[in-house]
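K.L.:
As they're listed, the protein sequences go chains L and D. In terms of the working numbering, the first sequence is residues 150 to 285. In terms of the working numbering, the second sequence is residues 4 to 72.
Keep in mind the hints are simulated off the structure, nothing from the lab. By construction, the Cβ of each residue, glycine as well, lies at the ideal position given by its N, Cα and C atoms. Be careful, since some hints might not be right.
[As the list claims (entries may be wrong)] Restricting the straight-line Cα-Cα distance to at most 27 Å, the calculated cross-link-like pairs of lysine-lysine (BS3-like) are:
id, chain 1, residue 1, chain 2, residue 2
1, D, K18, L, K186
2, L, K186, D, K53
3, D, K51, D, K22
4, L, K225, D, K58
5, D, K38, L, K152
6, D, K18, L, K225
7, L, K152, D, K50
8, L, K240, L, K185
9, D, K55, L, K207
10, L, K207, D, K50
11, L, K207, D, K28
[Claimed, not checked] Looking from chain D toward chain L, a few residues come up when the C-beta cut is under 7 Å (computed):
id, residue
12, Q25
13, I26
14, F27
15, L30
16, N62
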Amino acid sequence: MRKIRLNPKIYPLEAIYLACYTFLDRFYIKLDGDPKKEVFVFFEPKKRISQKKIEKFKREFEKELLHSTIRVMVSKQNKKLREGIVLTALKSALLRTHPALIESKIRMEVERKRKSGFLVPWRVNKRGFVVPKKND
Amino acid sequence: MIKKISFRKTFYKEKAVKKAIQIFKPLFEKISFKKERNYFFVIFQSKKPKEKLLKEFLNYVLALVQTEK
Numbered sequence: 150m151r152k153i154r155l156n157p158k159i160y161p162l163e164a165i166y167l168a169c170y171t172f173l174d175r176f177y178i179k180l181d182g183d184p185k186k187e188v189f190v191f192f193e194p195k196k197r198i199s200q201k202k203i204e205k206f207k208r209e210f211e212k213e214l215l216h217s218t219i220r221v222m223v224s225k226q227n228k229k230l231r232e233g234i235v236l237t238a239l240k241s242a243l244l245r246t247h248p249a250l251i252e253s254k255i256r257m258e259v260e261r262k263r264k265s266g267f268l269v270p271w272r273v274n275k276r277g278f279v280v281p282k283k284n285d
Numbered sequence: 004m005i006k007k008i009s010f011r012k013t014f015y016k017e018k019a020v021k022k023a024i025q026i027f028k029p030l031f032e033k034i035s036f037k038k039e040r041n042y043f044f045v046i047f048q049s050k051k052p053k054e055k056l057l058k059e060f061l062n063y064v065l066a067l068v069q070t071e072k
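Please build the complete structure, drawing on both the sequences and the hints.
P.N.:
See below:
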């Protein structure tokens, strides 16, 4: 089996898996090495191919690796946003089907925040500043 | 034919290796699984040499690791 040496500091492990997965139909692939220092991708073509094609595969693999690295990076960057969008969509769908459930959840959340001191009744004083409302 | 394949623990999950063994079990006389410090070892026994099947096993485990996260 031939091998490709990769630096895991440049290419995350997740991206290496993704790139390998793309070529599983044409090559036998095995991973080895140390994920902190050096990763080896051992490969062997399923059918007999020329040296030229093997070199071409190496270049294709590097291209795919870069592509999947960027995919992983973008996916990590957008994770919170993606989750937020899905959560909002689910919430609005739930609101339509079970409005009472959401209302009780909101009431519980407001009560919890009030108890923890996060929500304080407020008023605007003479100077126009927001100040906590005094208890009667 | 007796062949031993090693899988480094940091790259391959035990669950994936064991699942692949279950799939490939009918194709060999005997398959045994061994766990050591850094590696999983899978030992294949069969009357006829089955080199291609062994390599397919490699791919199968890798595919399982990638798809079953």
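K.L.:
Next, verify each hint and record whether it holds.
P.N.:
So, going through the hints one by one against the coordinates:
| no. | hint | in the structure |
| --- | --- | --- |
| 1 | D:K18 - L:K186 | holds, 25 Å |
| 2 | L:K186 - D:K53 | violated, 34 Å |
| 3 | D:K51 - D:K22 | holds, 23 Å |
| 4 | L:K225 - D:K58 | violated, 33 Å |
| 5 | D:K38 - L:K152 | holds, 25 Å |
| 6 | D:K18 - L:K225 | holds, 26 Å |
| 7 | L:K152 - D:K50 | violated, 30 Å |
| 8 | L:K240 - L:K185 | violated, 41 Å |
| 9 | D:K55 - L:K207 | holds, 22 Å |
| 10 | L:K207 - D:K50 | violated, 36 Å |
| 11 | L:K207 - D:K28 | violated, 33 Å |
| 12 | Q25 | violated, 20 Å |
| 13 | I26 | violated, 15 Å |
| 14 | F27 | violated, 15 Å |
| 15 | L30 | violated, 16 Å |
| 16 | N62 | holds, 5 Å |
Of the numbered hints listed earlier, those contradicted by the structure are 2, 4, 7, 8, 10, 11, 12, 13, 14 and 15.
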